[in-house]
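Participant: Sequence:
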Amino acid sequence: MLQASSSTRSQPTQFILPDLVSHCTFPLTYHPDGDAVAAESVRWLDEGCPELSPKARTALYGLQAGELTAYCYPHCSAPRLRVVSDFMNYLFHLDNISDGMMRSGTEALSDVVMNALWLPDRYVPTARQPAAEASAGTMARDYWTRCIRDAKPGPQARFKETLELFFEAVHQQAMDRDAGIIPDLESYISVRRDTSGCKPVFDLIEYAMDIDLPDFVVEHPVIKALNQGANDLVTWSNDIFSYNVEQSRGDTHNMIAILMNLRGLDLQSAVDFVGDLCKQTIDVFVENQRSLPSFGPELDRDVAMYVQGLQDWLVGSLHWSFMTKRYFGDAGADVKQHRIVKLLPRRGDRAQVHAQVQVPEVAAAAPSRDSVPAPPRKKAQKTFAFHSLFTYIPILAFFMLGVPSLLHVFSRRYAGIFTR
Numbered sequence: 000m001l002q003a004s005s006s007t008r009s010q011p012t013q014f015i016l017p018d019l020v021s022h023c024t025f026p027l028t029y030h031p032d033g034d035a036v037a038a039e040s041v042r043w044l045d046e047g048c049p050e051l052s053p054k055a056r057t058a059l060y061g062l063q064a065g066e067l068t069a070y071c072y073p074h075c076s077a078p079r080l081r082v083v084s085d086f087m088n089y090l091f092h093l094d095n096i097s098d099g100m101m102r103s104g105t106e107a108l109s110d111v112v113m114n115a116l117w118l119p120d121r122y123v124p125t126a127r128q129p130a131a132e133a134s135a136g137t138m139a140r141d142y143w144t145r146c147i148r149d150a151k152p153g154p155q156a157r158f159k160e161t162l163e164l165f166f167e168a169v170h171q172q173a174m175d176r177d178a179g180i181i182p183d184l185e186s187y188i189s190v191r192r193d194t195s196g197c198k199p200v201f202d203l204i205e206y207a208m209d210i211d212l213p214d215f216v217v218e219h220p221v222i223k224a225l226n227q228g229a230n231d232l233v234t235w236s237n238d239i240f241s242y243n244v245e246q247s248r249g250d251t252h253n254m255i256a257i258l259m260n261l262r263g264l265d266l267q268s269a270v271d272f273v274g275d276l277c278k279q280t281i282d283v284f285v286e287n288q289r290s291l292p293s294f295g296p297e298l299d300r301d302v303a304m305y306v307q308g309l310q311d312w313l314v315g316s317l318h319w320s321f322m323t324k325r326y327f328g329d330a331g332a333d334v335k336q337h338r339i340v341k342l343l344p345r346r347g348d349r350a351q352v353h354a355q356v357q358v359p360e361v362a363a364a365a366p367s368r369d370s371v372p373a374p375p376r377k378k379a380q381k382t383f384a385f386h387s388l389f390t391y392i393p394i395l396a397f398f399m400l401g402v403p404s405l406l407h408v409f410s411r412r413y414a415g416i417f418t419r
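Counted from 1, the sequence shown has number 392 at position 393 by numbering that gives the first Met the number 0; the numbering is strictly sequential.
None of these hints come from the bench; they were simulated from the model. Treat the numbers as computed from the prediction; the structure is a model and nothing was measured. Please note: incorrect hints may appear among the correct ones.
[As the list claims (entries may be wrong)] Between beta-carbon pairs, the in silico distance windows are: (1) D209 / R345: 41 to 51 Å; (2) K341 / E106: 17 to 27 Å; (3) Q13 / A156: 16 to 26 Å; (4) Q267 / P213: 39 to 49 Å; (5) E46 / M113: 16 to 26 Å.
[What the hints assert, rightly or not] Below, in silico cross-link-like pairs of lysine-lysine (PhoX-like), each with a Cα-Cα straight-line distance of 25 Å or less: (6) K198 / K223; (7) K151 / K223; (8) K278 / K341; (9) K324 / K341; (10) K151 / K198; (11) K324 / K335.
Don't be surprised by glycine CBs; every beta carbon is placed ideally from N, CA and C.
Please model the entire structure based on the sequences and the hints provided.
Facilitator: Written as structure tokens, this is what we have:
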């Protein structure tokens, strides 16, 4: 059996990835035009963003966002694959430039991008926007103009709505970062489902397959459970794969970091916890696939294509995570085989961020490994009272939408974490 090792109990040097690839048995498919489209798409972003630094430009080509698109949308036409691939490259670009932004910066970025989506035919700057449109706006306008030529009304509306949610969540993340706050687990999950960007890219499944699901289908409990399950698997597995790079920068918008800081878990236990959630999510996704109701022959065909798209995202994102250089550099293939991740050194003064960052009204001293007091629940609820209204409703809905078995993995293996 693989064993994690550490130089000291409090300072691990490596951790072991959960074997999610073997657990996700869906067939992996790659678009026949994937390589050609990926090459065109990365050049599109490269040429449209002259402000990129040499380091950022190198990272752009190592990202392989076009290849991710080819795995996740393998059945659409090549022209539509190109539009989706452009957005995928663009979404990672947004993630990169918003990383580390103060909240005022994320607001300005949101204004620029959403301006382009609501007014795709021309740039109409607001009072606080410059006369010349920023590249983030021109790139958004370029891909969106091509998308809406063919996209049906439903996917268009949903895409704009969920991209707005993405920016709202990024803004919340920036506010937490400005205040030095690590949110509680429930608040984090609610925000992370939007910062992941999964919602708009899932809307593009409809565009890619030239379908338009009626609202009553999109809002059906089983469809919503499948959508959220796919989001959770992609998001939580990404927290595992990206943790090493993020901890080296002192980033804390990651479920593993939250479990370590607020629940007192060691690194490997936190990784195992998130891995178990990922495996449980895959299992529940399969159960929900079997529970799909019939909406009639014509709609059943469209629903089947949409659910297939979600399935392609589950398996495609897992395999791609070891291909891109974003998480494991050139060692992705080796890490995929042996699953051992060597921790990168932390950078500069941010090395102590895990020990220093506090939640408001929680004890200032970091809890010891041997004695982990439970966070003061009443004070935490008071601190996050504004968030709670919007946080616990989706959390409750998550468990009501056919996912009760997640309680099983929480209660059996980790009950003590939440009760002590």
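Participant: Please name the hints from earlier in the document that this structure breaks, with their numbers sorted from lowest to highest.
Facilitator: 2, 3
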